[in-house]
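Residue numbers (the UniProt record's numbering), protein chains in the order written: chain A, 1 to 323; chain B, 1 to 323; chain C, 1 to 323; chain D, 1 to 323.
Mixed in with the good hints there might be a few duds.
What the hints assert, rightly or not - Computed beta-carbon distance windows for the label pairs:
| hint | chain 1 | residue 1 | chain 2 | residue 2 | range |
| --- | --- | --- | --- | --- | --- |
| 1 | B | Lys118 | C | Asn300 | 43 to 51 angstroms |
| 2 | D | Asp158 | B | Lys118 | 37 to 45 angstroms |
| 3 | B | Glu49 | C | Lys90 | 25 to 33 angstroms |
| 4 | C | Asn238 | D | Lys34 | 19 to 27 angstroms |
| 5 | D | Pro92 | C | Asn238 | 38 to 46 angstroms |
| 6 | D | Lys244 | C | Thr323 | 51 to 59 angstroms |
| 7 | D | Leu2 | B | Asn45 | 46 to 54 angstroms |
Stated by the list, open to error - Cut-off 27 angstroms, straight-line C-alpha distance, at most; resulting in silico cross-link-like pairs (DSSO-like, lysine-lysine):
| hint | chain 1 | residue 1 | chain 2 | residue 2 |
| --- | --- | --- | --- | --- |
| 8 | B | Lys140 | A | Lys292 |
| 9 | A | Lys174 | B | Lys78 |
| 10 | C | Lys244 | D | Lys26 |
| 11 | D | Lys71 | D | Lys93 |
| 12 | D | Lys22 | C | Lys174 |
These are calculated hints, taken from the structure and not from any lab test. Quick reminder that beta carbons are idealized off the backbone N, C-alpha and C, glycines included.
Residue strings, one per chain:
Number of protein chains: 4
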Amino acid sequence: MLHKIGLEEHFAIPETLGCSEKYFPKEVWPKFSKHILDLMEIRINQMDENGMEMMILSLNSPAIQAIYDRKEAVEVAKKANDIMAEAIAKNPKRFRGFAALPMQDPDAAIMELHRSVKELGCVGVLVNGYSQIDSQDEYKYLDDPIYRPFWAEVEKLDVPFYMHPREPMPCNSKMLAGHPWLDGAAWSFGVETATHTLRLMCSGIFDEFPNLKYILGHLGETLPFCIWRTANRIRKENRGIPAKRALPEYMEQNMWLTTSGQFRTAALWNTIMEFGADRILFATDFPFEEVKDACVWFDNCSISENDRVKIGRDNIIKLFNLT
Amino acid sequence: MLHKIGLEEHFAIPETLGCSEKYFPKEVWPKFSKHILDLMEIRINQMDENGMEMMILSLNSPAIQAIYDRKEAVEVAKKANDIMAEAIAKNPKRFRGFAALPMQDPDAAIMELHRSVKELGCVGVLVNGYSQIDSQDEYKYLDDPIYRPFWAEVEKLDVPFYMHPREPMPCNSKMLAGHPWLDGAAWSFGVETATHTLRLMCSGIFDEFPNLKYILGHLGETLPFCIWRTANRIRKENRGIPAKRALPEYMEQNMWLTTSGQFRTAALWNTIMEFGADRILFATDFPFEEVKDACVWFDNCSISENDRVKIGRDNIIKLFNLT
Amino acid sequence: MLHKIGLEEHFAIPETLGCSEKYFPKEVWPKFSKHILDLMEIRINQMDENGMEMMILSLNSPAIQAIYDRKEAVEVAKKANDIMAEAIAKNPKRFRGFAALPMQDPDAAIMELHRSVKELGCVGVLVNGYSQIDSQDEYKYLDDPIYRPFWAEVEKLDVPFYMHPREPMPCNSKMLAGHPWLDGAAWSFGVETATHTLRLMCSGIFDEFPNLKYILGHLGETLPFCIWRTANRIRKENRGIPAKRALPEYMEQNMWLTTSGQFRTAALWNTIMEFGADRILFATDFPFEEVKDACVWFDNCSISENDRVKIGRDNIIKLFNLT
Amino acid sequence: MLHKIGLEEHFAIPETLGCSEKYFPKEVWPKFSKHILDLMEIRINQMDENGMEMMILSLNSPAIQAIYDRKEAVEVAKKANDIMAEAIAKNPKRFRGFAALPMQDPDAAIMELHRSVKELGCVGVLVNGYSQIDSQDEYKYLDDPIYRPFWAEVEKLDVPFYMHPREPMPCNSKMLAGHPWLDGAAWSFGVETATHTLRLMCSGIFDEFPNLKYILGHLGETLPFCIWRTANRIRKENRGIPAKRALPEYMEQNMWLTTSGQFRTAALWNTIMEFGADRILFATDFPFEEVKDACVWFDNCSISENDRVKIGRDNIIKLFNLT
Ligand SMILES: [Zn+2]
Ligand SMILES: [Zn+2]
Ligand SMILES: [Zn+2]
Ligand SMILES: [Zn+2]
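Let the hints inform the model, and build the full structure from the sequences given.
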């Protein structure tokens, strides 16, 4: 279809480029790094060739979340947001953006959130999972009490929050010892991000801020497949969980799921069967995935044309109030 | 439907009963412990009431896998297998069994495997994930080279291997800190067991032993939903993975997936869409799940009557050569 | 779910009661005739017991469409609409109505359409297929040129049109000779109504009146399953078909499909896969089907809770502008 | 996939070629007529290019069924079967065949059935619906009592019977008056063939001959979508139907459904959800459909690789005992 809008479309700035290097074979890296840095011709050409009207841009991963020095995190986030805003200003019909935020410093994160939305025109915020704080080895998940004011502000500003994957802390990924091919997008991204999302749901965040709009990539990081079982077990042994409602209700009412990197029709159908097509949004995960691969699959997968238009465009316009 | 056969139907012996206590609210524990110890009336009554002809029994989890003392592990495994064999002998039309094995001692495991299959008539083997060895803190996954002779023997005996969940090592579950409601079947079982299975596939086990028959519970522990993405990423950056084929091929050709604890039609359809109904087997996860809940769901879920008979019975008879 | 709204909920008046008698075994008729005549307690009790907030009422079939005398048709239609309006006035929160129209006389049909919508408050119009005109043996389908002004008026008033089944003319049902069990809802209703709908699409009605809102019962009378094939054949040999677009586009953009009498999850999924959940509306086909059968199925079928609310209520409120 | 076997793959002989002319625009006819007459290079080239190992051939439609002169019907059937047998003998690894039968003369039909299977090596029989007998206007459906000995013989020989579409008798297709674009494969084929199949099921044929193997093309001619409703209505008002069982049971146990001309994934899923993948067989409907269209769709549609191999090949080998 034409006029698709993509929701997980990354760029990098020189300060964050290195984060992505490990995910690419050496021979591919020069081409990749050129693609991810580009916010002009290369990207727009690919969009034109594949029927994408707009990308809602976001910084690569983990980027800011891995800069444990608070001050540096704040500065790099600002710089990234400024560069992104500039690119959007040059092509306002083709780009919008998610703010990157220095979650190491919750107050600064709130300030940068404000600045990004109110001054730079960001339409949402994307955070790459937990953030390291003050040292390489300290980290906090977003269900930590220090983030309650942040969530309050996200709800108040009424902008969608995108929970993007990053790799687990080394201390949390020993299960994969000896199997580096399972690092990152192949496997550990999904475990980390689904777990983080479960922590948030269980912590009662969505009871406290019932209007949060929360986006997950990769068709929900396996949660559409297994959330029934998780909820079924918790119903039987709740062990004092703070969440007031059954977990699937938060997914039904607060979450949207994108197709980034999950170009698979069976998984898409599982997701539609659990949450309905209104909750699904198109995304490519460029440049970690090819725009073309995402688009050829999406344009031809066995869903109704009505749902294709909704997932590929209309749901996104509605969720982000794009005009 | 009548004459269903169940594939993940646990019992305990006094030595392993304690393993399951933590999963139950105190007020439920007396009833539960009575159910899991019973290998006679209670169980058969429940089967009769719900159209189950046969249970293929297995010990609870982690049981043997958590007995780090090798000698004790060998003894308790033998005792459990003997008790199970006795129960089967009393009701040979209603019970068959999976052997429990002391994987702490690979040679002893092979010997007990032989004894269980050849002398006791076990139709398969069920292992609860990794095993602790010699101390609480040492453990090995089954892709470890010390287990190659074991896999060779399983293939040679041509009996199905059931990879049953257990909780991650404490050092592997810090991601859930502060969220005990996500322990066990609610979440960490699935992560642990899917990861273990991926380790096995990636290690080349199924290239070396191409006739292994490998069973996963819980509709594949999320792998039907996400294996395409894992394979897609590995195809792009293989990082020297030993596996010779794409991971989904092992699932198509070496694996069977049971419905234990995943009484959810959308997930069942995802699994059928990825691997076909021939690869799906009925199971309840009794007594952690109610026989009735499993059966009412399965008897009424929206699949063809032809597939219901296959999943509920015929596939199992064929896979296990039951007569 | 609570607060369901039903879209194909029939009543009869003494003048039309006889039309339905043939569909019922003698022993059931007294109870049935009581149910279909009732527009008060019996009906509301059934709704209350099954979570239905509202029925959008319609006369039984073929009723007016089989009264070949124009004048009589006009009178009976008026009487039926008046009786219905009275019932709605007594329970405005529980009932709305589709107008019955004397299509034998296109001008009178337009006048009654106006009166029903503007004076009686009808929210749509329901016609039982072709109408016999002037004699038992003359009949016209609604793609006949004499009905173009009628369609223009329906579009202008912006009220949904429900194409309800009736049996084929005797001269059109000889294929079933000797097989009376295939008459009516069992088989010939569907063939007749799907064919009539295809005639309308092929005739270019939806090109001329692109804002028509057209409703089909019984999940689209098999069209979701086979419209691709019909369109594929017409694309290859169009033989001068007047329709300007591919037939599925009319279904995507002009049609809504109800669950009346088709309480089957696989067919519902086929319909969602072809047209999306926004196009599907709840209906029971009471009293030809039991309210309870329709509701128990719908409340439990394997769709997302989000879609259940849309299909069961929200889509209908939106389509009919109910307030 | 490679090595696909096709089940509805037509040829013509000069005597039957004219039957197909009306379905093609004039400019396409020369190419089409060359294709349908060819039983050598053209066909095998197309198979090679699209991964088809074998075609099970059948005569075009209506062919023999429309030759109302009994003697001529017998002769043309014999000739067609002989020509087909010769082509098979030249390429036994690429072709097998369905016998064409002169159903106008039930005794002769049985004799030709015997000769075809026993002497010519036909693996099944394909009949194009009802047959005209003795005059243009007389016709009999296959539930007529005169065909009981024929069905007995089919069951005894244990060869599958393929019910192929033909157009309704003119007296049975007045519903389409003025809409020639709905004739044939676009619409009336399906109505006719589904109705004929319902007649057979209702008549009790499958009770009398419970081992009949009955094949329907076009994914079951809409029956997978609507048979639940038909059965539901008959359960409520059976009106003395001879069939002893619910109609879906005959479909589950006696029928197989092919993909001919229905290259649509949503309809395929509906069919799998109702009858399971074991009951589905690959077919193209060549040369009315392109081999390439059928194969590109089938090779890429969203089903499991395991089911693809079954539907595309293994189910067919099993059903026809191909070696
Ligand atoms: Zn990404
Ligand atoms: Zn278990
Ligand atoms: Zn009705
Ligand atoms: Zn054909």
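Hints and how they fare:
{"no.": "1", "hint": "Lys118(B) / Asn300(C): 43 to 51 angstroms", "verdict": "holds, 47 angstroms"}
{"no.": "2", "hint": "Asp158(D) / Lys118(B): 37 to 45 angstroms", "verdict": "holds, 41 angstroms"}
{"no.": "3", "hint": "Glu49(B) / Lys90(C): 25 to 33 angstroms", "verdict": "violated, 48 angstroms"}
{"no.": "4", "hint": "Asn238(C) / Lys34(D): 19 to 27 angstroms", "verdict": "holds, 23 angstroms"}
{"no.": "5", "hint": "Pro92(D) / Asn238(C): 38 to 46 angstroms", "verdict": "holds, 40 angstroms"}
{"no.": "6", "hint": "Lys244(D) / Thr323(C): 51 to 59 angstroms", "verdict": "holds, 52 angstroms"}
{"no.": "7", "hint": "Leu2(D) / Asn45(B): 46 to 54 angstroms", "verdict": "holds, 52 angstroms"}
{"no.": "8", "hint": "Lys140(B) / Lys292(A)", "verdict": "violated, 42 angstroms"}
{"no.": "9", "hint": "Lys174(A) / Lys78(B)", "verdict": "violated, 32 angstroms"}
{"no.": "10", "hint": "Lys244(C) / Lys26(D)", "verdict": "holds, 22 angstroms"}
{"no.": "11", "hint": "Lys71(D) / Lys93(D)", "verdict": "violated, 33 angstroms"}
{"no.": "12", "hint": "Lys22(D) / Lys174(C)", "verdict": "holds, 25 angstroms"}
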